Amino acid sequence: PDKVFDRVWVAAIIRSISEDPDGQVNLHPLCSALNAVRLRMRG
Numbered sequence: 001p002d003k004v005f006d007r008v009w010v011a012a013i014i015r016s017i018s019e020d021p022d023g024q025v026n027l028h029p030l031c032s033a034l035n036a037v038r039l040r041m042r043g
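The UniProt record's numbering puts the first residue of the sequence shown at 1, with every later residue one more than the last.
Calculated from the structure, these hints are not laboratory results. Keep in mind that a hint or two might mislead.
[Claimed, not checked] Dumping the calculated SDA-like pairs for lysine to any residue here, alpha-carbon to alpha-carbon at most 20 Å:
1) K3 - N35
2) K3 - A33
3) K3 - R38
For clarity, every value in this text was computed on a predicted model and none was experimentally measured.
Build the full structure now, drawing on both the sequences and the hints.
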């Protein structure tokens, strides 16, 4: 599960970078949300 989740995480980060119209990358909200999901999955 961890490897699959890491792959999704990386894909989401890459997507967020490529979709950012200003080219400014702010990963903090994304990382925080995904870390929360990851902790919840591990339970």
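**OP:** Take the C-alpha atoms of K3 and N35, compute the straight-line distance between them, and say whether it is at most 20 Å.
**Re:** It holds: about 14 Å lies between the C-alpha atoms, which stays within 20 Å.
**OP:** Decide if the proposed pair is consistent with the structure: K3 and A33, CA atoms, cutoff 20 Å inclusive.
**Re:** holds (18 Å)
Original post:
Are K3 and R38 close enough, with their CA atoms no more than 20 Å apart?
Top reply: With Cα atoms ~12 Å apart, K3 and R38 stay inside 20 Å; holds.
No hint from the list above goes unmet by this structure.
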